[in-house]
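Participant: Sequence:
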Amino acid sequence: MNYIIEKESNKVLWINSDPRKLNGKNAWHSFDETQHKVVYAIHYNPGIQDKFEAALDGDDVAVAFQPKSVYDKKTARERMLQDWNDKLDSEAETEDNPLRDENENIIPHQIHTASGWKLDIVSKKKDMIHDINALCSEKIIYGFLSMALGSSHHYSFDRDDQMNLNGAVFPEVDVPLKCRNGESQKEWKIHTPFQVRQVAKDGAFHKAKLLEFASQLKARVNKIVTVQDFCEIDIHSGWELD
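Residues in the sequence shown are numbered consecutively from 1330, following this note's numbering.
Hints are computed from structural coordinates only; laboratory data are not their basis.
Mixed in with the good hints, there may be bad ones.
Once the Cα atoms are required to be at most 16 Å apart in a straight line, the calculated EDC-like pairs of lysine to aspartate or glutamate come out as [as the list claims (entries may be wrong)]:
1) K1380 with E1337
2) K1336 with D1361
3) K1366 with E1335
4) K1455 with D1558
5) K1416 with E1382
6) K1403 with E1420
7) K1336 with D1379
8) K1538 with E1467
9) K1336 with D1389
DEER-style ranges, computed between Cβ atoms [unchecked claim]:
10) V1554 with F1499: 46 to 56 Å
11) G1567 with I1450: 20 to 30 Å
12) K1403 with S1566: 28 to 38 Å
The structure presented is a predicted model; accordingly, all values stated were derived computationally and were not measured.
Just so you know, even glycine gets a beta-carbon here, dropped at the ideal spot from N, CA and C.
Between the sequences and the hints, there should be enough to build the whole structure, so can you do that?
Facilitator: The structure is reproduced here in structure tokens:
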């Protein structure tokens, strides 16, 4: 279709649906060459009073829109521009490609600055500390090994397990505790007061070691000042302390 647009504003004043490309008054009887322009488009359809946003080739024919990615300046979240009317929000978005890892995945914790994308060190450190706390909790809950029964048995150590074990320390009577020998299923085994105290001691030591290791990791994270420093800390290794 032919679109008669105002030169100054690019607003569509008239639409001629003739499939042929027309010129001047053939397109619109009120055409004034000093004020108006006739452009032609097939896959772009603005309405009257809309701004004609499409780029034009040398023959004043609208160029087909090529979808492109824009990114939120605070989150690096990708959004795809789908047509000429879909505009970049220059205050909140950028066409600059965020930093990516070796697998072409967008690296988290980036912010966009006047000089481009930069790693948000404060946010990254906060997230790493959260992950360390989660890992530590997971390792504590998984449990520990104790030789209290004369051979190695595994005891899980979630909040209820810890409360039950602490409650079993003082009665000075034989009590059943749930544990596992090797690859067998967990089962209740009778423990003497001495054995209960030994299991409790081993559990407390297991928890203390993990909390200490987590504290050391978090101290290292808090000292980070450069992007390179992050590469020197692997928060997922070193937890095998038994």
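Participant: Are the hints correct? Go through all of them and say.
Facilitator: Consistency of the hints with the structure:
| no. | hint | in the structure |
| --- | --- | --- |
| 1 | K1380 with E1337 | holds (11 Å) |
| 2 | K1336 with D1361 | holds (10 Å) |
| 3 | K1366 with E1335 | holds (6 Å) |
| 4 | K1455 with D1558 | holds (14 Å) |
| 5 | K1416 with E1382 | holds (10 Å) |
| 6 | K1403 with E1420 | holds (11 Å) |
| 7 | K1336 with D1379 | holds (13 Å) |
| 8 | K1538 with E1467 | holds (14 Å) |
| 9 | K1336 with D1389 | holds (12 Å) |
| 10 | V1554 with F1499: 46 to 56 Å | holds (49 Å) |
| 11 | G1567 with I1450: 20 to 30 Å | holds (23 Å) |
| 12 | K1403 with S1566: 28 to 38 Å | holds (31 Å) |
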